[in-house]
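The hints should help you fit chain B onto chain A, whose structure is shown.
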Amino acid sequence: MNLGNTESALYSIEGESVALGPVTSDTRDLIYRWFNDPNVTRTAGVGDGPWSMERVEEWCKRFTGSDNEAWFLIFERDTGQPIGVAGLRDIDERHRTAEYAITIGEGSARGKGYGTEATRLMLDYAFVARGLHSVLLDVAAYNPGAIRAYEKAGFQEIGRRHGADLSEGTRWDTVFMQALATGFESPVLGAIFVPDQPRETDQ
Amino acid sequence: MSAERPIVNVVGQQVALGPLRRDLIPTIQRWFNNFESDRTQGDIPGPRTLERATAWYERMANRDDGYWYTIYETTDWQPIGMTWLADIDHRHGTAYFGISIGDQANRGRGYGTEATRLILDVAFKQLGLYNVALDVYANNPGGIRAYQKAGFTEYGRIREAYVSGGRRWDVILMEAIRPELDHPAST
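Residue numbers (the working numbering), protein chains in the order written: chain A, 1 to 203; chain B, 1001 to 1187.
Isolated chain A, as found in the complex (with noise of 0.2 Å):
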């Protein structure tokens, strides 16, 4: 696995400490990795079974096979260590709508703020480069700090689904944010989608 080499992350978004990119071939052994923590999968919502390398490649292929999905690795930015990924599902082209997901799977690289500016980018990729208008997620109320994280990247808390989540032996409330495009402020993309300037040899 090429850890710790910038020059092998290849970046579309580049943030102040994170930046997402296209996955690798290495992905699903960190995939495997990740899903087989149990500090991973208490707050994935992917389940907490043991994750078979075959069962990690079926659901890596919506890394590559989907119109409706779009899954970015994250980078940390400096070292280029790939720490977790994130993904927009369900895209509705029709409502522009989509849900959000994402996965800090290096213990080390958490309370960083990496996540929060990871969401950040990716509300960025959504509504600036794909042209949404709502992004939603949902979460356990059981994971207060995820929570606080996606207020700061901007999303508000819409409603809690009471005591959905069945967690060791507990009733949790399923919390749902969401994000809207207006009134977004783009941190990076923003410079890149504009107009075309007309240019000096055109006039």
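Note that these hints are calculated values from the structure, not bench results.
Computed from a predicted structure; not experimentally measured.
Treat the hints with care, as some may be off.
Part of the chain B face toward chain A, derived, beta carbon under 10 Å [unchecked claim]:
(1) G1042
(2) R1091
(3) A1133
(4) A1161
(5) V1163
(6) E1175
(7) I1177
Some residues of chain B that are not near chain A, with every Cβ distance over 12 Å (derived) [unchecked claim]:
(8) T1027
(9) P1141
(10) T1153
Ideal placement from N, C-alpha and C gives every residue a C-beta, glycine not left out.
Same frame as chain A, but now just chain B:
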């Protein structure tokens, strides 16, 4: 016009619920071509062939993660629509509810409200689920009222997330919770 009573699973006052039936595929096709249904179901209005209705039937008639019912009115035992529990999740005790009254003439008569009550009875008493949720669009106040009467309450609103008739509408999230206490031992 009194038809023979079909096989049904749940019988209420005005309506009853029974399994989907292959011989009703042409009726389902007629319902699928009703744009009034598309407006509230969220399907893109368009022509629906018999092949497409048949393919839908094949998918829905034999599922483990959902229960699809035909709704009958109990006077003449005519099929008037469909209702379903989808994404039944026994680990968390959750499911999604949906309903479609096929013909405009059968709307506004309380059929939908009673069918919704009956299916909540299935969800809570028969399956032991805890939380049944639905999505309804803000352009469908009749549906919202029927769901409230049947026991659903609004728990959230996705702003401007549904396009119909050239404008944006909110998506209203509603839930119904199993009436008994979760742990009878704690009473």
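These are the hints, each one checked on the structure:
1. G1042: holds (9 Å)
2. R1091: At 7 Å from the nearest chain A Cβ, R1091/B passes the 10 Å test, so the hint holds.
3. A1133: Since chain A brings a Cβ to about 6 Å from A1133/B, closer than 10 Å, the hint holds.
4. A1161: holds (5 Å)
5. V1163: Holds: closest Cβ of chain A sits about 5 Å from V1163/B, inside 10 Å.
6. E1175: holds (6 Å)
7. I1177: Where the cut-off is 10 Å and the nearest Cβ of chain A is about 6 Å from I1177/B, the hint holds.
8. T1027: Non-interface label stands for T1027/B: nearest chain A Cβ at 27 Å, farther than 12 Å.
9. P1141: Given that every Cβ of chain A is farther than 12 Å from that of P1141/B, nearest at about 19 Å, it holds.
10. T1153: violated (9 Å)
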